[in-house]
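So the protein lines, in turn, are chains H and C. For the first sequence, position 164 (counting from the first letter as 1) is numbered 164 according to our numbering, and the numbering increases by one without interruption. For the second sequence, position 614 (counting from the first letter as 1) is numbered 614 according to our numbering, and the numbering increases by one without interruption.
None of these hints come from the bench; they were simulated from the model. A few of these clues could be false.
A short, non-exhaustive set of chain C residues, derived as facing chain H with CB atoms under 7 Å [said to hold, decoys possible]:
id, residue
1, 3
2, 40
3, 416
4, 425
Where a beta carbon is used, it is the ideal one built from N, C-alpha and C, also for glycine.
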Amino acid sequence: MWFKSKKKYPEYWNRYESLFKEETPQDISKIRFVVFDTETTGFSVISDRILCIGALSLENNKIQVHNSFEVYVKQNVYKEESAKIHGILNNSKKNLISEEESVIQFLAYLGNAVIIAHHAMFDINMFNQALGRLGLPELKNKYLDTSTLYKKTQLKSNLLKKQDFYTLDELTDKFDISKEDRHTALGDAYITAIAFLKILTELKKKKTVTLKVLLK
Amino acid sequence: MKNTISERVADFLKNFPPFNLLIKKELQSLSQEVVIVYQEKNSTIFNEDTTPHTIFYIVHKGAVALRKTTNNEIIDICDEGDIFGLRPLMANENYKLEAKAHEETILYGIPLDAFKPYAKKNEAVSTFLMESFASNTRNPYSKSHKGKLYGNETVDTINPEVKLLDLQPVKYSKKIISCSEDTPVKKVAQIMTKNRIGSILILKDDLPIGIVTDKDLRNKIITGKHPITSTASAIMSSPVITYPKNLTVTQAQMAMMKSSISHLCLTQDGTVNTKAVGILSKHDVMVSLGDNPAVLVKAIKRTTKYKQIKPIRKSIMHLLQGYLDENIPMGLISKIISELNDACIKQVITISLKKMKVPPPTEFAWMAIGSQGRGEQMLHTDQDNFLVFNDVPESDLPKVTKYFLKLAKHVTKGLHTIGYEYCPAEMMASNPKWCLSLQEWKNMISHWIINPGPDEILMSSIFFDYSISYGNRDLVNTLSDHIFDTTKKYPLFLLHLANGALQNPSPSGFFRSFLVEQDGQHKDFFDLKSRALMPLVDAARVLILSHSVKSISNTWERYEKLAEIEPNNSEIYLACSYATKALLKFRTKQGLLHHDSGRFIALDKLSKEEKIKLKRTFKTVKEIQELITVRYNVNNLLR
Numbered sequence: 001m002w003f004k005s006k007k008k009y010p011e012y013w014n015r016y017e018s019l020f021k022e023e024t025p026q027d028i029s030k031i032r033f034v035v036f037d038t039e040t041t042g043f044s045v046i047s048d049r050i051l052c053i054g055a056l057s058l059e060n061n062k063i064q065v066h067n068s069f070e071v072y073v074k075q076n077v078y079k080e081e082s083a084k085i086h087g088i089l090n091n092s093k094k095n096l097i098s099e100e101e102s103v104i105q106f107l108a109y110l111g112n113a114v115i116i117a118h119h120a121m122f123d124i125n126m127f128n129q130a131l132g133r134l135g136l137p138e139l140k141n142k143y144l145d146t147s148t149l150y151k152k153t154q155l156k157s158n159l160l161k162k163q164d165f166y167t168l169d170e171l172t173d174k175f176d177i178s179k180e181d182r183h184t185a186l187g188d189a190y191i192t193a194i195a196f197l198k199i200l201t202e203l204k205k206k207k208t209v210t211l212k213v214l215l216k
Numbered sequence: 001m002k003n004t005i006s007e008r009v010a011d012f013l014k015n016f017p018p019f020n021l022l023i024k025k026e027l028q029s030l031s032q033e034v035v036i037v038y039q040e041k042n043s044t045i046f047n048e049d050t051t052p053h054t055i056f057y058i059v060h061k062g063a064v065a066l067r068k069t070t071n072n073e074i075i076d077i078c079d080e081g082d083i084f085g086l087r088p089l090m091a092n093e094n095y096k097l098e099a100k101a102h103e104e105t106i107l108y109g110i111p112l113d114a115f116k117p118y119a120k121k122n123e124a125v126s127t128f129l130m131e132s133f134a135s136n137t138r139n140p141y142s143k144s145h146k147g148k149l150y151g152n153e154t155v156d157t158i159n160p161e162v163k164l165l166d167l168q169p170v171k172y173s174k175k176i177i178s179c180s181e182d183t184p185v186k187k188v189a190q191i192m193t194k195n196r197i198g199s200i201l202i203l204k205d206d207l208p209i210g211i212v213t214d215k216d217l218r219n220k221i222i223t224g225k226h227p228i229t230s231t232a233s234a235i236m237s238s239p240v241i242t243y244p245k246n247l248t249v250t251q252a253q254m255a256m257m258k259s260s261i262s263h264l265c266l267t268q269d270g271t272v273n274t275k276a277v278g279i280l281s282k283h284d285v286m287v288s289l290g291d292n293p294a295v296l297v298k299a300i301k302r303t304t305k306y307k308q309i310k311p312i313r314k315s316i317m318h319l320l321q322g323y324l325d326e327n328i329p330m331g332l333i334s335k336i337i338s339e340l341n342d343a344c345i346k347q348v349i350t351i352s353l354k355k356m357k358v359p360p361p362t363e364f365a366w367m368a369i370g371s372q373g374r375g376e377q378m379l380h381t382d383q384d385n386f387l388v389f390n391d392v393p394e395s396d397l398p399k400v401t402k403y404f405l406k407l408a409k410h411v412t413k414g415l416h417t418i419g420y421e422y423c424p425a426e427m428m429a430s431n432p433k434w435c436l437s438l439q440e441w442k443n444m445i446s447h448w449i450i451n452p453g454p455d456e457i458l459m460s461s462i463f464f465d466y467s468i469s470y471g472n473r474d475l476v477n478t479l480s481d482h483i484f485d486t487t488k489k490y491p492l493f494l495l496h497l498a499n500g501a502l503q504n505p506s507p508s509g510f511f512r513s514f515l516v517e518q519d520g521q522h523k524d525f526f527d528l529k530s531r532a533l534m535p536l537v538d539a540a541r542v543l544i545l546s547h548s549v550k551s552i553s554n555t556w557e558r559y560e561k562l563a564e565i566e567p568n569n570s571e572i573y574l575a576c577s578y579a580t581k582a583l584l585k586f587r588t589k590q591g592l593l594h595h596d597s598g599r600f601i602a603l604d605k606l607s608k609e610e611k612i613k614l615k616r617t618f619k620t621v622k623e624i625q626e627l628i629t630v631r632y633n634v635n636n637l638l639r
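Just chain H, same shape as in the assembly (with noise of 0.2 Å):
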């Protein structure tokens, strides 16, 4: 018989795999969606490390406390800059998990729901970066970009300048949401799925919106 060599993966990445065999729903009450974000020790993907990793999952509007991630990694790269933003010190906090621990739990949590982020592609990046470092292929999950998705809620009309991308802090007084917790990673995290939640409103008001629409 022939057949083409496959790599052996872990079984945890396995499991992971095998969840994308079902398709995602279209109707968005039913998907589910996990909100992520990551503090890292600065912007380089290549050099630089993530140090918290903090997501909560939406469905249908409803956020379950008790069911949000949050972990702190352990790791040998630390930057005094970065520290100023979100405070975490040097291998400071307690509960310091593995990378490779951090990435099992992760995607574990994760499964095959649909990502969300404020600029999603470097904080997947980031931990493609890390699955690469355990010889992982990267995410598989669909993934929606708050910083981009709020471009679709305004006006079309000339007089309005467009940015290319909109910050967290322009979304959070746009829409006036608090900034407590700013700059941790599941407070990030929730900012984002309340920014998400508040783009959707806005969106159903001119039409229908499934999943396709968003990912358009």
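Got chain H sorted already, so can you dock chain C onto it with the hints?
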């Protein structure tokens, strides 16, 4: 496991009963069980007579309306920190009311199973629950306690706000301004002026021994009875008439009438032998009695935070509903409501100015534009505004611009807090494009008038309906003069503006049937604003501009003025004035009924009479459009 979100939830819950009775650890573990629920405006949380959810709710942000479905009457509005949906859950019976998000709302859902153990273990918690159920009210400790019935069977259709006045505990000011008996009267008057109060309590060893009111100052000092060098003890009324703090509105009124006084002192046990906890003035009683424009204006002026204005705006809406029910003429209604809304905006600006560290570097004017500028904004809609400041030397311009932009950001945020949504097209003074010096505005306006493309005409139609909300009137006059002068020099502009006024979609089809929207959220609805109201508004603007009439921005007043200027056309102008008022009234009523902007009308919900009334205004719309077409020769314009 506790995390950032559960900590935030616990932080919120600890401020509200019964959760404030739990110890920190209990609260933390309860918070982890919470479900955060987002509700769009007007979405249903639960229906009447359905099995209760496994969770009860506390409002985190926004507001929830509880209704009896049978008569669609709002029984109660739950604001931040209010609990609802608990009793049916405890009693294991169906929901007695329907709950809908009155605004966009975030709820914390608390599972009963997680909460029950604490209720059982903690006596204070169970007492709270017993009391709140027994007294039939939502929350016996709540400050905003309105004494409304919760899920009572005998609720009838009278507005609950007014109905239970007798039982309503009165709201008094807890901030007590006081001085000692040897304070000189001059100082006393200064303290009162600074705090903008009409009475001051005289304390000795923390106990109230007397009170000095405006009246005392007038009768005893200004008349010359006592010299200005006297001390408070010479003129104070003593002993103080004291009452316990849980006074109802009616009791307070009776007490004031009985002793013919205007201020009551509330103490811990109601006698002069305990500490004063609050002061109650006639004004406070009037506010509790509510809905009277003069009282509301006074209440607005007393606020020191944006948040305090929001409940007053709710009262304004009550007033509006009342006026409409009593069929008071629309012209009068809109004057009063606009006046009140204006007072709110002024107050927001006053508060914002206080937030700035230094006073404005030069004169400025805050301008309302669009429907607000025309004084036609009855319901809470978007905010549209701009800011103009006096010219400064060029070297100072960046610094001055920065100052006013910062101020504008405060103001727009404040307006948002009190219920004005941000303008989706960013036509707000916080946008650097619309926060300019007088000269910059003149340049901008000249540009619009000299190059009247579609965008420029649209801008003109929004910005030329302005009225001043706050600041220096001279700036506005200069701006208006500039518009008229430039328009005279470039008459072609009026032609384009006239053309723009004819671009609104037609209200009715060939057989005089209503034309409805083809798609989107409002499919099959009639767009009252763009098909009926806007053509009238746009036409009035062109006509009044051609006559260079200053400072009338209200549409029906514009038509009334036009009728005066052109007597031969007075009949059609007066018809337009009438139609505008009728349409606005229609829109306001629809908006209040459906709790939205009233712009889109469901035709199948209208009575035959209402439809006929609407159609009658369409005829007027057609006539005024014909007048404009002929007068400005719009047909010659290449479209």
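Each hint, compared with the structure:
Interface restraint check: residue 3(C) against chain H, minimum CB-CB distance 5 Å, threshold 7 Å, status holds. Annotation: interface hint on residue 40(C) holds; nearest CB of chain H at approximately 5 Å, less than 7 Å. Because the closest C-beta pair between residue 416(C) and chain H is about 6 Å apart, less than 7 Å, the hint holds. Nearest Cβ of chain H to the Cβ of residue 425(C): about 5 Å, under the 7 Å cut. The hint holds.
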